[in-house]
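Protein chains in written order, with our numbering: chain A, 101 to 327; chain R, 101 to 327; chain W, 101 to 327.
The set of hints was computed from the structure by calculation and includes no laboratory data.
C-beta: ideal position from N, C-alpha, C; glycine also.
Do not take every clue at face value.
[To be verified] Non-contacting residues of chain R with respect to chain A, defined by C-beta distances greater than 12 Å in every case (computed):
| hint | residue |
| --- | --- |
| 1 | Tyr118 |
| 2 | Gly139 |
| 3 | Thr174 |
| 4 | Ala204 |
| 5 | Val205 |
| 6 | Ile206 |
| 7 | Leu256 |
| 8 | Phe258 |
| 9 | His280 |
| 10 | Tyr287 |
| 11 | Arg306 |
[Claimed, not checked] Simulated restraints on C-beta separations:
| hint | chain 1 | residue 1 | chain 2 | residue 2 | range |
| --- | --- | --- | --- | --- | --- |
| 12 | A | Ile305 | R | Val188 | 50 to 58 Å |
| 13 | R | Val188 | W | Ala202 | 23 to 31 Å |
| 14 | R | Ser194 | W | Ala299 | 36 to 44 Å |
Here is how the chains run, residue by residue.
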Amino acid sequence: MLQVELSSHAREFVLPDYFSLAAYFTFGLTGALAGLRRGYDVVGIFVLAMITAGGGGLIRDGLLISSGPPVLVTDPRYLIVVLAATVVTLVLQSPIQRIGKAIAVIDALGLGAFAVHGVQVSLQGHLSLPGAVLGGTITCVGGGVMRDILVRDEPLLFKPGQFYALVAVGGCVLYLAMLHWDLTSPYNAALITIGVTFAIRMLAIRFNWRTTSFYREPPAPPPPPSG
Amino acid sequence: MLQVELSSHAREFVLPDYFSLAAYFTFGLTGALAGLRRGYDVVGIFVLAMITAGGGGLIRDGLLISSGPPVLVTDPRYLIVVLAATVVTLVLQSPIQRIGKAIAVIDALGLGAFAVHGVQVSLQGHLSLPGAVLGGTITCVGGGVMRDILVRDEPLLFKPGQFYALVAVGGCVLYLAMLHWDLTSPYNAALITIGVTFAIRMLAIRFNWRTTSFYREPPAPPPPPSG
Amino acid sequence: MLQVELSSHAREFVLPDYFSLAAYFTFGLTGALAGLRRGYDVVGIFVLAMITAGGGGLIRDGLLISSGPPVLVTDPRYLIVVLAATVVTLVLQSPIQRIGKAIAVIDALGLGAFAVHGVQVSLQGHLSLPGAVLGGTITCVGGGVMRDILVRDEPLLFKPGQFYALVAVGGCVLYLAMLHWDLTSPYNAALITIGVTFAIRMLAIRFNWRTTSFYREPPAPPPPPSG
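Bound-form chain A, shown alone (with noise of 0.2 Å):
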């Protein structure tokens, strides 16, 4: 399976702009939220919002696609829609940060349509399956590691608790075997992928689903290495 064709069909799908749109506003509206938070100035607090909301699309068309400029730069709109969730942000500071858990919900859509837009632009640029996994998971997730580094926070994605990157990988590989295996139109694989992470979001955060840590102790003698 690692090697083989998806039909062109499938391949040369397109997930309609608006769904990205979308997704780089509710994005960076959780990235201006975290420099607002942390006092920054309006360039601190853009450039969170930017990085938060492109940094996974970044890195994928960066350092895994590489073969030209990707459209956070080509395409004004979506600089716009970055802009226009910082000042939303700053506008509405107070109401924003009492609805937190709606962000939440709003994020785990996002999470989605990142999810197949990612996968799709992975593809579009030749990388074989697992690449596609790997670049439609970077886009849901590496925006928020870059805003994280950015911050001096630890990545929040590594550590035991979380269960967003697995439910990113969930719905690039379910995503995949759609089209792999020609289940349904790419457009409806794609709505359905949005749904099935959407609710395995949802359901994570309701039943505090959580991850655990794989270390065990080493056997007392010899000591444990320090690091």
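Starting from the structure of chain A, add chains R and W where the hints point.
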């Protein structure tokens, strides 16, 4: 305006190499000094000089334009200039540390040269106009952010008090505006941008212009999110 | 020498895949162990293994060469090798933690293979000779720096005491010198480089060779800058 074509004359203009080589040298000095002060060895000092000088260009070329190797690794002069800045810093560390203020002046000259150079390279890489402003700004500030991340400082860029990034954005917009309305030749536009950027940066330092945090304490109940 | 053309024979040489696959496995092991010890979940451990093994190649291909997807996402074997290193680390964590010294030996073998591989890929990407040294060195050390940044350690690379990066630079220069003066076939040059790199790295560990800080206290007044 966002989609308009610049005249091919403006789009093809190339700032003479010695501007960007000089900017590499001045930014390389500040990076090498940062490594020196932290007690790094020669590898660490060279890497910090290289990242501070070339990091913004690497992000611009690798992540935003993504169509071939950057000059840092195709034109040996750039690495040689970085090496020269490293050696100068190691040999002359006492006098260089005494001229901290002069370095802010030299850095302010490099700032405008990097803004013009970054905008031009972005235009030739077929970015949109907002994309070219982003590309120019990243050329100016990206290296410093990468340096801060590598040495684990919180990026100065984001925090209130810095007027640096806004001057960079302003320089890029000014330069693009002069090209767009065809106010003067690209070469004169470049010189004007470097001069204006330098003057504003000097004024910002002299009169200690500050940006501000936008964070307002949220109303008492419900409690502010912790995130 | 900086601009000279290597023979097309030397420029086209490709190190057999199993060298870089083996290096991915050994570097993947060290990355997975780092994640395991920090108590990360399976996503974090896999990501650290992937970044430690493939991060240097991603920086080289994405930021320095920038002309198409890296093998990590086009050839499924590389991600499978990383996954295997992750699984081996999880399953065999007790014995693996007992053989810390053996890992330093394996890592030193991977180092030379990565230096040769990185130089060759850089030459084929049309970098200058100093650019190829940089590309080879980044292949060796870039993944470790990315791992350190992700887990928020100060990169070991920079600090006095590490002889690692200099060995990598030396290996790249040695290999290029043998190609440039046509001293032997590229394949033999690769084997010699791997052997010499391994020997010097082992000697550096055995005799605890150290690099030193270049920082000298500046003369008393004026006070040293704080930044």
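*Tell me, in ascending order, the numbers of any earlier hints that this structure violates.*
7, 8 and 13
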